[in-house]
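Chemist: Using the sequences provided together with the hints, build the complete structure.
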Amino acid sequence: MAEFNKKHIMVFGAVSDFNYENRLNLLRERKLEQTKWKINHLANMDEDDYGSVPPPEDFHFEPECNDPVNHTFYGAELWSKNYSDLLKIHPVYIDLNDVLCGRFMFILQRFRPFESVVSDKNLEMAPIFNYDWLKPDQERYGLLPGIGKMHHFAPDYRIGLTLGWKGLREKVEHYQAINTSEESRELYKAELLTLDGIHAWMSNMIDALAETENGLPEGAVRENVHRMRLCNEWIRENPPRSFLEACQWIAWFNIFNRTYDRAGSGCQLDEILMPYYRKERDAGTITPEDATFILACLLLNDPIYYQIGGPHRKTGEDLTNELSFLILEAIHRLKTSANVTIRYFDGLDRRLFLRGLEILMEDRQACPRFSGNKALVEGFMKNGYSAELARDRIAVGCNWMSLQGLEYTLNDLVKVNMAKVFEVAFHECADAGILSTERMFDCFTRHLERAVHCLKEGIDFHLKNQYKNAPELVLNLCSHGPIEKGLDASHGGVDYYNICIDGAGIADVADSLGAMEQRIERERVITWRQCFEAVKSNYEGKEGRYVQAVLSSAGRYGAGDTLSDAWALRVSRQFTQIVTGSRTPDGYITIPGLFSWANTIVFGKVVGATPNGRKAGEPINQGANPHPGFRKDGAFSAMGNAIAMVQPGYGNTAPWQLELSPMIVDNDEAIENIAAVIETHFELGGTLININIMDGEKVREAYRDPSAYPDLIVRVTGFTAYFSALSPGFRKMIVDRIVTDQ
Amino acid sequence: MGNIFDIERFSTKDGQGIRTVIFFKGCNMCCPWCHNPEGIHRDFELMLNPQLCIDCGSCVKACKNGAIVREDGQRRLYPQKCIQCLACAKVCYSGALKQVGKNMTVEEVMREVLQDRVLYEKSGGGVTLTGGEVMLQPEFAKQLLMSCKEHRISTAIETNLNAPWRDFAEILPYVDVFYVDIKHIDSEKHKEWVGVPNELIIENLRRLAETGRTMVVRTPIVQGFNDDDDTITAIAKLISDIPSLSYYELLTYNPLGNSKGTLVNPPESRSFEIPKRERMRQLAELAGKYITRVRLDGKLKR
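First to last, the protein sequences are chains A and B. If you count the first sequence from 1, you need to add 963 to reach our numbering. If you count the second sequence from 1, you need to add 1 to reach our numbering.
Careful, some of the hints might be misleading.
[As the list claims (entries may be wrong)] Going by beta-carbon spacing under 8 Å, a handful of chain B positions derived as facing chain A:
no.	residue
1	E9
2	R10
3	F11
4	G18
5	G96
6	K99
7	K103
8	Q116
9	V119
10	L120
11	S124
12	L301
[Claimed, not checked] Using 27 Å as the maximum straight-line C-alpha spacing, the simulated BS3-like pairs for lysine-lysine come out as follows:
no.	chain 1	residue 1	chain 2	residue 2
13	B	K277	B	K65
14	A	K1578	B	K65
15	A	K1505	B	K14
Derived from the structure by calculation, the hints contain no laboratory data. Even glycine gets a Cβ: it sits at the ideal position worked out from N, Cα and C.
Modeler: So this is what it looks like as structure tokens:
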């Protein structure tokens, strides 16, 4: 086994005028440099901006594989061994301007073949676990089954913050003596090896901090490193006592989580940190300024998803506290990508809501975003859960909600490309001479049922085998149940299994049905034959272009009160009924959402021309959003109404992805107006709003020359990313989405 | 029925809060800087966006007057032959030929309006009637305003005040805020530039002030017409003692109207230079000597 190389201690120098502002500025600049490196050295990053930093050039790690043919490894033993080996030699990162130490550089999951948004091979379930019988329908309907996928559920940080790393180890050892099945024995052994790796990395860090401290002259910089070392020495074993220690503990847990499998879900940050802050504030050992800086460093460390505000799970009272505002202030000062959600509800401190909007509009970094408590809670309760449990389900992912440490969800991983399903139905009807939108919808429904059933079978397969493929060794430690039961979170370790199934392409389906009903059945502008032929020809030729113009100019989903709006509602209801109407064959609950994540372009590539005028291979619509250009004006409010209308309503989201031109927000009432739109959307049933305030001209320039705007940040589909890091296809998708008030 | 050429949802510039704006076709002025020129003529009109043409030939087949023909493999439009029957627009699905103006019933307009009902409540917004000139269709305007009031929706109208007072008296009970344009004090100059003198306008302004109805006075600033100190001072003095004046707003000339597409029979128009920001601020400050609340393009000058 390789040893830690002291040459891989990376120390970045301090700014000369060592105050908070200057330190943050330099940290931000360094992050931009690191992002540039990632853009130049890695493939297009059509996914989150992570807090990862470039590794030393000479660093090398090779995992051990038990499937050498496919260059992959599976099972708790090798996952833990590889993870531990990586952590033991992992480079150490210290930035003297920071108040927290450590950054992640690798994702162990990606040392195996994995499915990115641009790849078409899912080997994340090691091939030894064969599910070939599901593949024909998966391919036929363009399904993303989620089989073999990891994380995408929330831990409960309080477990780790209460026990500390030593306490977690003792907990594992305690239950190791109780649960002695083969599965449990393997899991506990793996968890202990995981903890060994964690301990080793932290120890290397502490040694490096000591060495760095000794090499610095007396002064503020050395004092800062001294504090870092003391902090880490304590939390290497013990639960945190202070605000700094708690934030450093959280940062470390995030780093370990990311390094394992890219897990990025956070917590109710204001609630969890408040006891530490209050204690120190009352003792006079911390100021709001200190706390803001520490929070800024935590947010910079990694743009993990956090929630602030919202109702207390038991009392329903507002969780907003002093820290909620300091977190917003930290975002405001940081001015890099961050993923913080304000949970809007009737009892929310309106000052937090308005301050969030001010920061969103002033900084234009797409943060914070907003979730709608009412629909989320009422929806989740429909699955048979209490309001208290529903309130505890927080927004800690791109589009998704999760109970902290209690629930396994496969959020954002299981998707049905409804545009593809519709394409199957459309051509089946064309070939069979079925000339009716109603009957075509029936055909679509049958195929959708089959597609969702295939997904449900895949979910069962995943839940049966995932623990043998890729157990959640880090998340298990901060979940309720896996350690107590000796079972991986994916295999009975937690109490709740609510598996998310997202539908994508609702606008393409609705606009297609609406266009055909309007132009063929009602107005008789074109015939069915013309429609079928034009679609099959991909709208080529004069006749094809004419039919395309006829179909694409029909009333669209989102415009308000159109036939396509009515179809969108029917599609959503049908999809919801199919997903919720029955459990998986093995009895797991499935909850619908409408979200395409970053698969919008990839999904579109596998769908031929559709009768809404869309040509073959063009992107499908984004999540629940109407297609751009659905309405020439007033798109903002019309869109909000439409998306509220199609919410599945069972506690998962159908986010509203919204780009606003600064013209819309450039007046004295802008904040109140945007607040009114958000409140209206949530009152009408909306669940989540992601907002970008974007100057159309600037974005178009950035599209032409991304390097001209290296610090332009956008919320792509729920996650934030640097615009320059996105692929051209993704950049175009964002440009096309901009709503301008002409 | 009303002749409506546009309904715009989520407007933040035509009144308080978030509003749906109903554009009435037809105007009794002809301002060369108008950024809604398609609102000036009272009849339905044809608008062209040639870059959207897909050359399907449907318009050629539809035109009974030979105004659109195919020559040398290209489609050509002869405006002098166009009788604006709009048969071509009815068969154009690419948007290259569009009909501007449509007869709508009150119910049809209200179906659109009511979609944002919750938003009006939350934002303090409502419905704004504008144009063109609203008061050229006084009966329809009244019916629409009454319907808004039945649904407890706040109302506003934007008007040039150049209509008989009796028509204003009819709608008074149903309008919450009047947005009135005062473009110039000098009647001769007013007539020279916009086609009508301003005596009726000033008289109606006086009468409206007497009713106590909340009003906002606006002046679009156009270089060479009214961007001088004397004109703005005179307007500010004129309106300074109106008790129900909410604020006075100066609007920078907006050339957006030039990019909407081309009318086949466009009204006379000109391009103007956009007044410089600094000049607009100076005029706003000048007005501020007489009026407490002055806005510049939606923003309060403090």
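Chemist: With reference to the structure, classify each hint as holding or not holding.
Modeler: Tested hints:
1. E9: Cβ of E9 of chain B sits 5 Å from chain A, so the hint holds.
2. R10: holds, 2 Å
3. F11: holds, 4 Å
4. G18: holds, 7 Å
5. G96: This hint holds: G96 of chain B lies near chain A, its Cβ roughly 7 Å from the closest one there, short of 8 Å.
6. K99: violated, 10 Å
7. K103: violated, 15 Å
8. Q116: Because about 5 Å separates Q116 of chain B from the closest Cβ in chain A, which is inside the 8 Å limit, the hint holds.
9. V119: holds, 5 Å
10. L120: Hint on L120 of chain B: holds, closest Cβ of chain A at ~5 Å, below 8 Å.
11. S124: With Cβ-Cβ at 3 Å, under 8 Å, it holds.
12. L301: holds, 5 Å
13. B:K277 x B:K65: violated, 49 Å
14. A:K1578 x B:K65: Cα-Cα ~34 Å, so violated.
15. A:K1505 x B:K14: violated, 42 Å
The earlier numbered hints that this structure contradicts are 6, 7, 13, 14, 15.
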